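Q: All chains should be modelled from the sequences, with the hints used to inform the complete structure.
Residue numbers (my numbering), protein chains in the order written: chain A, 63 to 229; chain B, 207 to 309; chain C, 61 to 755; chain D, 6 to 396.
Please keep in mind that the hints were generated in silico from the structure rather than gathered at the bench.
Just to be clear, a hint being listed does not mean it is correct.
[Unchecked claim] Short, incomplete list of chain C residues facing chain A, as computed with Cβ under 8 Å:
1. Q732
2. R736
3. A739
4. L740
5. V742
6. V743
7. A746
8. A747
9. I750
The structure displayed is predicted, hence computed values, not measured ones.
All C-beta atoms, glycine included, are put in the ideal place defined by N, C-alpha and C.
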Amino acid sequence: MSVISYILAAITVGGGLAAVLLKNMVHCALAVSLAFAGLALLFLDLDAQFAGFVQILVYVGAVAILVVFAILLTRSSETPKDGGVFSPTWLAGLVVAAAVFAVIGWAVLNSVGGLSYETAVPAVTVQQIGQELMGRYVLPLEIVALLLTVATIGAVIVAMHEKEDAK
Amino acid sequence: MTPLAGYLLVAALLFSIGLAGALTRRNAILVLIGIELMLNAANLNLIAFWRYGPHPEALTGMMFAIFSIAVAAAEAAVGLGLVISIHRHAQTADLDEMNRMKG
Amino acid sequence: MLIQEVGSFHPQYVDGPFVTVANFLWLIPALPIVASGMIALLKQPRRRAAATLSIGSLACSLLLALVAFAHVLGGWAHGQAVRETANFTWLRAGAAQVDLGWVLDPLSAVMLVMVTFVGLLIFIYSLGYMEHDENFTRFFCFLSLFAGAMLGVVISNSLLLLFMCWELVGLTSYLLIGFWYQRPSAAAAAKKAFLTTRVGDIFFLLGMVWLFSQTGTLLFYDGGAGSMESEALTGLLAAHAGLGLTAAGAIGLLIFAGAAGKSGQLPLHVWLPDAMEGPTPVSALIHAATMVAAGVYLIARVYPLMQAGSLAGGTTTALTVVTWVGAATALFAALIAVAQNDIKRILAYSTVSQLGYMMAGLGMGGVAVGMFHLITHAFFKALLFMGAGSVIHGCHEEQDVRRMGGLKSNMPSTFVPYAIGMLALSGFPLLFSGFWSKDGILEAAQHWSMAKGPFYMLVCGALLTAFYMTRQVSYVFFGKWRGDGHAHESPKVMTIPLAILAFFAITLGAVGTPAWPWFRAFLDDRAAEFSFGGFHEPGLLALMATSSLAVFLGLGLGWWVYGNKSPQAEEPDALERAAPPVWVVLHNKFYIDELYGATVIAFYAWWAKAADWLDRRVWGGAVALAALLFRGGAHLSRLCDTYWVNGGFDKGCEELANGGGLLARVQSGRVQSYLRLLALAVVVLAAILIWSSRG
Amino acid sequence: MVERLDQLFVLLSHWLVSFLPAGLQQAGGILIGVVVIVCLYPALFAIAVLMERKGLGRMQNRYGPNRVGPYGILQPVADGIKSLTKEDIVPLSADSAVHFLAPLVVVVTSFMGFAVMPMGRNMVLVDLDAGLLFYFAMGASTELAVFMAGWSSRNKYSLLGAMRAVAQMISYEVPLLLSSLAVVMITGSLSLTKIVAAQNSYTGIFPHWYIFTPWGFAGFLMYAISTTAETNRSPFDLPEGESEIVAGYHTEYSGFKFALFFLGEYVAMFSISGLGTTLFLGGWSAPFSFLTWIPSWIWFFSKLMLSICVFIWLRGTLPRLRQDQLMNFAWKFVLPLSLLNLLVAAMWRFLGDGWERWVFCSAVLLVAYVVVGLQEMRSDHFGPRSYRYVE
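A: In structure tokens, the structure reads:
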């Protein structure tokens with residue numbers, strides 16, 4: 063874990079925490095996009111170049127915008143929060159999250175500790191990815207393509223402004 | 207502590223932060239953001255295992271991450287679409303008030 | 061009714077050229093029964109229709125009977141005795157089947173003619189007698205029914221069919237005796253008659269069932285398989301029935317008990333005198349000619365059974381019993397008749413005594429002797445009863461002989477036939493039929509191998525018969541009129557039948573004289589030739605002399621004691637003055653009724669009380685107990701239902717429901733709580749996995 | 006000589022780098038490249054602004070700015086100084102943090118594009134294998150910045166402008182990607198240097214630029230339309246529609262932040278047209294075989310300035326599109342045709358050499374353009390405007 067990775071990890075976790083803790087919704091959205099960008103950089107740090115750029119393109123480019131649009135459409139940013147930003151049973155949630163982190167952390171430390179491979183940096187070219195996509199992963203690719211179209215149409219229909227509502 | 211364990215820990219931390227966000231925040235969109243975070247933590251795990259795994263040239267980890275990103279995007283779109291339609295219907299994005307599915 | 065086969069004949073019998081008679085034999089009883097049915101549907105005032113229907117049907121039956129008789133006579137004349145049967149299966153239950161049928165043979169032919177002829181005369185007589193009675197139609201309906209039933213008894217070839225008609229006859233006698241049911245004495249007499257004959261019928265039933273179980277069939281003649289035929293009889297003889305009796309003997313005795321009940325023999329004779337409560341034609345028809353004769357006819361019909369096992373000339377225990385009972389009844393009834401004052405009651409006891417004669421004749425002399433006396437007795441006893449009827453009618457319903465007298469002059473057309481009848485009954489020698497038939501019995505009694513007792517009893521009986529008949533005639537017809545008002549002669553419709561019967565009372569004797577024993581031959585299927593040699597039987601003339609002596613002695617004694625004296629109604633009877641204690645005993649009929657009252661009836665009363673007690677206390681108690689138990693059980697179940705079921709079970713269900721409510725609260729609808737549970741589950745699962753893998 | 010001239014800057018940087026210790030050399034080289042880009046493109050920005058204002062003026066039959074310096078040459082300097090000295094007013098209710106960040110993000114993401122741009126032979130800062138993907142990734146994040154700007158200034162007009170801008174950029178990003186994909190499919194690589202290398206050959210005197218292929222020309226057309234929309238320029242400059250929503254998302258910006266927005270906009274224009282030239286106009290390759298002696302970077306920058314002139318020319322002539330017309334045009338005309346173009350490029354590649362593929366591809370594309378175009382014309386979108394009033 064080089065210095066850079068530590069920094070990037072810190073940025074990502076900071077973004078995540080900010081996204082969760084901030085009061086203003088838009089700030090949360092921006093914080094989360096920062097986290098996404100940080101994560102993309104982590105990917106680059108892990109020499110997964112293609113994944114990193116895709117992460118930026120998809121998450122920072124599209125999902126963040128989507129979240130922001132959602133926030134604006136549902137006017138979440140303006141409505142004054144009477145009961146506070148957190149739900150009444152926030153403590154229970156926190157405890158559970160902490161428990162989950164403890165368990166996973168403990169599992170990670172106990173299991174993967176032994177797997178220290180100092181492997182060479184895998185030189186991954188887009189060519190190879192293309193071959194893989196069209197080779198072994200052609201079926202998942204088709205399915206994801208279908209899924210994306212269905213999701214888009216679905217989302218549009220769900221969120222569409224019915225005519226009768228307008229009247 | 208090996209680099210892999212480091213990344214896994216970061217991913218676990220990010221995952222639990224996402225979970226905490228999902229569990230504690232009142233607003234539906236924040237819950238979705240929490241879920242996105244958890245998904246990304248999972249991707250980080252994948253890439254870390256791919257990078258420090260035995261056969262990085264097999265590209266499985268990375269491919270898996272890429273597909274996961276694609277699917278997550280679709281999921282985010284549908285999720286937000288739902289939230290928007292709920293808001294239009296129930297005039298609120300507050301999760302506690304959306305309990306019409308009560309038993 | 062499925063007519064199974066036309067008729068099974070003995071191979072040696074060959075029937076006549078035309079259709080067998082047996083086929084239409086059933087018409088004879090059917091006609092009167094159908095007539096009675098139709099009369100029953102008529103309205104009360106339809107008197108003319110009822111009379112024509114019943115008399116017409118009986119006339120047709122008479123014609124048919126004559127045809128049948130001619131057929132049998134023709135057969136007998138050709139030397140082939142005729143016995144035609146027509147049997148059919150009435151009931152089939154699994155393997156066993158019950159057959160019915162009818163038979164035409166000399167015995168039944170004779171009876172058919174007698175019953176229909178006498179019946180017809182009595183029907184015509186009762187037209188006049190019952191003229192003023194408003195239940196005219198009902199009377200004729202019962203009469204036709206009775207005639208049909210009696211004819212049924214005569215023609216039946218099966219003991220079961222005979223028994224059925226036997227019961228029907230009993231029923232109609234009850235109905236006719238109790239015809240004037242307004243009078244309590246008539247109702248009581250009817251009931252008494254019915255019950256005492258029932259006692260006899262029960263033994264008859266037992267005998268019949270036993271016969272059926274032994275031989276498997278109740279038919280008399282069934283082409284060799286009938287119960288009266290040799291094959292069945294040998295079977296019966298083989299079976300022993302205890303008390304030294306063979307099955308045949310025992311069954312015979314049981315059937316004789318039935319006959320005794322119906323024919324009023326000694327133990328069961330009490331109902332016959334009381335039956336005089338019924339109208340006189342009823343008494344004439346039923347209690348003189350036909351019904352009482354049914355018992356004798358029954359014994360004649362089952363004679364092969366009774367006689368089975370007797371060696372040549374010998375006799376069986378059954379027949380000896382019949383004889384002794386007959387002789388005893390004859391003497392006993394004759395004694396009582398002497399001390400009676402009611403005109404019909406005297407005749408009733410005379411009938412009982414004559415039936416005793418017939419039974420004794422059957423027992424000692426065989427079927428022909430008994431039957432001949434039955435036929436002759438039917439005619440002159442019917443004559444006497446109808447005569448008495450016209451006397452009562454004439455004296456305005458007066459029945460006590462002591463209030464009559466001197467009717468000789470103002471009721472001549474009644475007096476003459478009555479006198480003929482009286483002479484025939486008492487057996488005036490040579491001229492009258494009574495003498496020949498009684499003589500046959502006395503001859504048989506004389507030759508009886510067992511004992512001389514019955515012979516002497518019968519002779520005394522004959523003497524007494526002559527005595528009480530002269531007493532009656534002198535009281536009624538001689539002396540002065542002691543009644544109130546004046547007696548008037550009965551109309552022609554009543555006196556003509558008397559004349560006809562009187563004619564027969566005289567001529568009928570010719571058929572049975574020793575010189576030309578046609579009747580015996582006819583019945584025993586032997587050729588009858590006319591020869592005076594018959595009289596040369598050893599001791600026959602001596603017998604005739606003694607019997608005539610007895611008759612003359614009786615007549616003379618009677619005229620001497622009573623003659624033309626016509627004592628006042630209140631004066632004690634001449635005999636009473638002579639021997640008061642004897643008179644009292646005889647007048648009260650040997651106190652038999654009182655005896656029965658004290659023994660049998662008392663026993664029944666006690667037994668009824670005991671049964672009632674048993675029923676009320678024991679069974680009633682048990683039922684009450686059961687009821688109590690049930691109520692207790694119901695109470696118990698209510699208790700457990702309220703406390704245990706409602707308390708426990710329902711409450712348990714309630715708890716469950718609440719638990720369900722609790723569980724439902726988890727479905728709070730809040731997404732985050734679900735997510736929390738999910739995460740918690742993951743944590744727990746992971747912990748378990750790690751813990752288990754570490755271990 | 007020609008070679009040296011061509012590689013002038015490359016040699017220059019090598020020479021500078023040689024002064025650095027070995028460890029840092031590689032980093033130093035990249036640093037020099039960055040510095041060059043950061044200085045060069047603002048200079049070009051100044052020239053472009055001047056050109057635009059002078060060009061527009063001339064088009065509108067008037068002189069452009071000619072007061073400052075001879076023939077108005079120094080106008081950009083004047084503007085720069087003005088923007089630096091103007092007071093930077095931040096609205097009270099504005100979300101100061103986001104408000105401050107917005108212009109920065111815009112400018113940074115715009116400049117990021119040049120990292121992978123081959124401006125001359127061997128003159129590319131970072132030769133990424135997935136160069137084009139990197140470029141589009143950076144391009145995608147500008148929308149977020151625009152939104153931040155619009156939202157943070159808490160102004161109805163700015164928010165409305167931001168929403169319009171974001172919607173427009175998203176709509177046209179998809180056809181942009183698809184049309185460039187055609188080029189990637191033919192060359193077989195995402196790396197821009199390989200794309201230029203593939204075009205850098207000549208048959209006779211004519212270069213193998215992709216624009217001279219049927220699918221290339223159609224692709225370039227779609228690309229050009231998308232770029233103008235992507236940079237909110239000319240017919241698609243609704244976000245700053247002065248007449249309706251004042252200055253769009255940068256209404257509340259003044260002073261240097263406004264200048265930054267302006268700079269960001271122009272740098273985005275430069276980078277996207279630079280990408281266009283590398284993809285379709287052969288990047289730094291000479292137009293004719295006999296002109297190869299002229300240094301490669303001159304060709305690159307001349308094509309670049311030519312594109313800018315076209316932008317200015319478009320701005321001067323075409324009227325502004327309405328929002329719904331704009332959106333429908335994107336989703337119903339540009340997107341389907343770029344998809345079709347992708348198919349045609351695939352057919353082009355597998356039909357093999359020979360005249361059949363020329364005829365076939367061009368025929369298909371021609372028919373498609375005519376049909377879809379007419380269909381679009383007839384639909385009411387371009388007819389008289391229909392008003393929907395708020396009930």
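Q: A separate judgement is required for each hint: does it hold in the structure or not?
A: These are the hints, each one checked on the structure:
{"no.": "1", "hint": "Q732", "result": "holds (6 Å)"}
{"no.": "2", "hint": "R736", "result": "holds (5 Å)"}
{"no.": "3", "hint": "A739", "result": "holds (5 Å)"}
{"no.": "4", "hint": "L740", "result": "holds (6 Å)"}
{"no.": "5", "hint": "V742", "result": "holds (7 Å)"}
{"no.": "6", "hint": "V743", "result": "holds (5 Å)"}
{"no.": "7", "hint": "A746", "result": "holds (5 Å)"}
{"no.": "8", "hint": "A747", "result": "holds (6 Å)"}
{"no.": "9", "hint": "I750", "result": "holds (6 Å)"}
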